[in-house]
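**Student:** Sequence:
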Amino acid sequence: MQVVLDRTPFYAESGGQVGDTGSISGPNGVIRIEDTQRPIPGVTVHYGTVESGTIGVGEAVQTAVDAERRADIQRNHTATHMLHRALRDLLGEHAAQAGSLVAPDRLRFDFTHTKGLEPEQLRQVEARLNAWVRADGPVGWGEMSYQAALDNGAIALFGEKYGDQVRMVSVGRGDGTGAGVASRDSKELCGGTHVRRTGEIGMLRIVSESSIGGGTRRVEALTGRGAEQFVEQQAAALHEIAGRLNVPVNQVNDRIEQLLGETKQLQQELETLRGQQARASVADLLNTVQHVGDVPLIVAEVTVDEAARLREMGDWLRDKVGSGVIVLGALVNGNPQFLAMVTPDLTKRGYHAGNLVRGLAQIVGGGGGGRPEMAQAGGKDAAKLSEAIERVAELVAAQG
10 MQVVLDRTPF YAESGGQVGD TGSISGPNGV IRIEDTQRPI PGVTVHYGTV
60 ESGTIGVGEA VQTAVDAERR ADIQRNHTAT HMLHRALRDL LGEHAAQAGS
110 LVAPDRLRFD FTHTKGLEPE QLRQVEARLN AWVRADGPVG WGEMSYQAAL
160 DNGAIALFGE KYGDQVRMVS VGRGDGTGAG VASRDSKELC GGTHVRRTGE
210 IGMLRIVSES SIGGGTRRVE ALTGRGAEQF VEQQAAALHE IAGRLNVPVN
260 QVNDRIEQLL GETKQLQQEL ETLRGQQARA SVADLLNTVQ HVGDVPLIVA
310 EVTVDEAARL REMGDWLRDK VGSGVIVLGA LVNGNPQFLA MVTPDLTKRG
360 YHAGNLVRGL AQIVGGGGGG RPEMAQAGGK DAAKLSEAIE RVAELVAAQG
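The opening position of the sequence shown corresponds to residue 10 in this note's numbering, with each subsequent residue numbered one higher.
Because the hints were derived from the structure by calculation, they are not lab data.
Treat the hints with care, as some may be off.
Stated by the list, open to error - Think about it this way: if two alpha-carbon atoms lie no more than 30 Å apart in a straight line, the pair counts; the simulated DSS-like pairs of lysine-lysine are:
{"no.": "1", "residue 1": "K124", "residue 2": "K196"}
{"no.": "2", "residue 1": "K124", "residue 2": "K170"}
{"no.": "3", "residue 1": "K357", "residue 2": "K329"}
Said to hold, decoys possible - For each label pair, taking beta carbons as the anchor points, the in silico distance ranges come out as:
{"no.": "4", "residue 1": "E229", "residue 2": "E249", "range": "18 to 28 Å"}
{"no.": "5", "residue 1": "L99", "residue 2": "V66", "range": "47 to 57 Å"}
{"no.": "6", "residue 1": "V298", "residue 2": "S220", "range": "52 to 62 Å"}
{"no.": "7", "residue 1": "T312", "residue 2": "G376", "range": "20 to 30 Å"}
Just so it is clear, CB atoms sit at the ideal spot from N, CA and C, and this is done for glycine as well.
Take these sequences, add in the hints, and give me the full structure.
**Tutor:** Below, the structure is given as structure tokens:
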């Protein structure tokens with residue numbers, strides 16, 4: 010349902026700030042307002058759902074804005090202005106607003122800058138903003154001419170259209186002047202809702218900073234109740250981790266570093282054992298040498314956990330046989346893979362590893378190739394791996 014009133018306390022979505030919610034009550038019914046928009050200048054439309062009864066044209070009604078939600082939005086909007094000022098102080102006046110979202114649960118601020126902020130820079134911005142909050146600086150607003158606002162130091166956003174009369178919002182530094190709060194008061198042209206003093210924001214936490222392309226960065230932050238909930242969740246997660254690690258909270262980092270070191274050492278030991286196991290199984294293949302004419306051939310279907318392991322096995326066999334052709338096949342992640350190696354004396358006679366694996370790959374529905382002395386290829390039909398292995402001697406003979 011859409012409702013238009015002759016006057017309203019509801020704020021319509023504008024300038025990045027979301028619209029108000031609440032209720033409209035008449036003599037015979039109640040509408041729950043879920044959004045407020047201004048589709049054309051001077052007309053505010055309330056979007057909602059009838060909770061009870063009916064409301065008719067011309068009736069006198071009572072409006073009630075969701076005060077708690079509005080307060081959350083005001084905290085985030087004033088904090089957005091403060092964030093803008095803090096970023097300009099830290100990065101330079103080029104860090105201009107390029108978009109924003111002011112919602113009850115978070116604020117999002119886009120600004121022009123060519124590279125990401127370092128963690129220490131984000132920490133400085135957050136610390137400066139929270140010092141500004143504690144300074145309980147005054148927040149005020151007033152209407153004036155556009156030129157008067159500019160003369161007074163107000164920031165006008167590039168690309169925005171302003172009338173002759175504008176509303177300037179000022180966020181003062183309070184008692185924090187000279188205490189790392191801000192280089193100057195924040196002054197911006199804005200029609201949104203704000204707190205009366207910065208202390209009402211409570212606290213601010215920056216939760217992310219990222220690129221959205223085109224030399225534009227994005228900061229997302231929480232204030233007030235949202236920031237408190239975030240801190241509580243982070244603290245609870247940290248205590249849970251400490252409990253699982255069986256150490257005090259202040260020793261979590263040390264314990265994690267210790268575990269990472271132990272894990273790395275175990276991975277290295279595992280790789281060593283796998284290599285030893287692979288060499289042991291490969292050694293048995295030396296007893297399976299067959300001959301295609303006068304060419305020694307080792308061909309086998311083996312078990313490996315990754316394609317690189319085939320290369321290791323082939324290198325070891327080539328070094329042991331001295332002269333010959335080596336072809337290994339295996340299933341890696343469910344797909345057939347082949348490795349072929351030909352010793353230098355046989356490549357001179359026309360034997361070619363790349364042509365060998367190309368022929369094998371065609372059997373299993375794949376492709377590939379490589380150099381005369383070494384090549385790898387793969388396919389998709391795992392059921393035909395054994396068939397391909399059985400064809401190796403035939404393909405070698407065709408090259409002789």
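**Student:** Out of the numbered hints, which ones does the structure contradict?
**Tutor:** none
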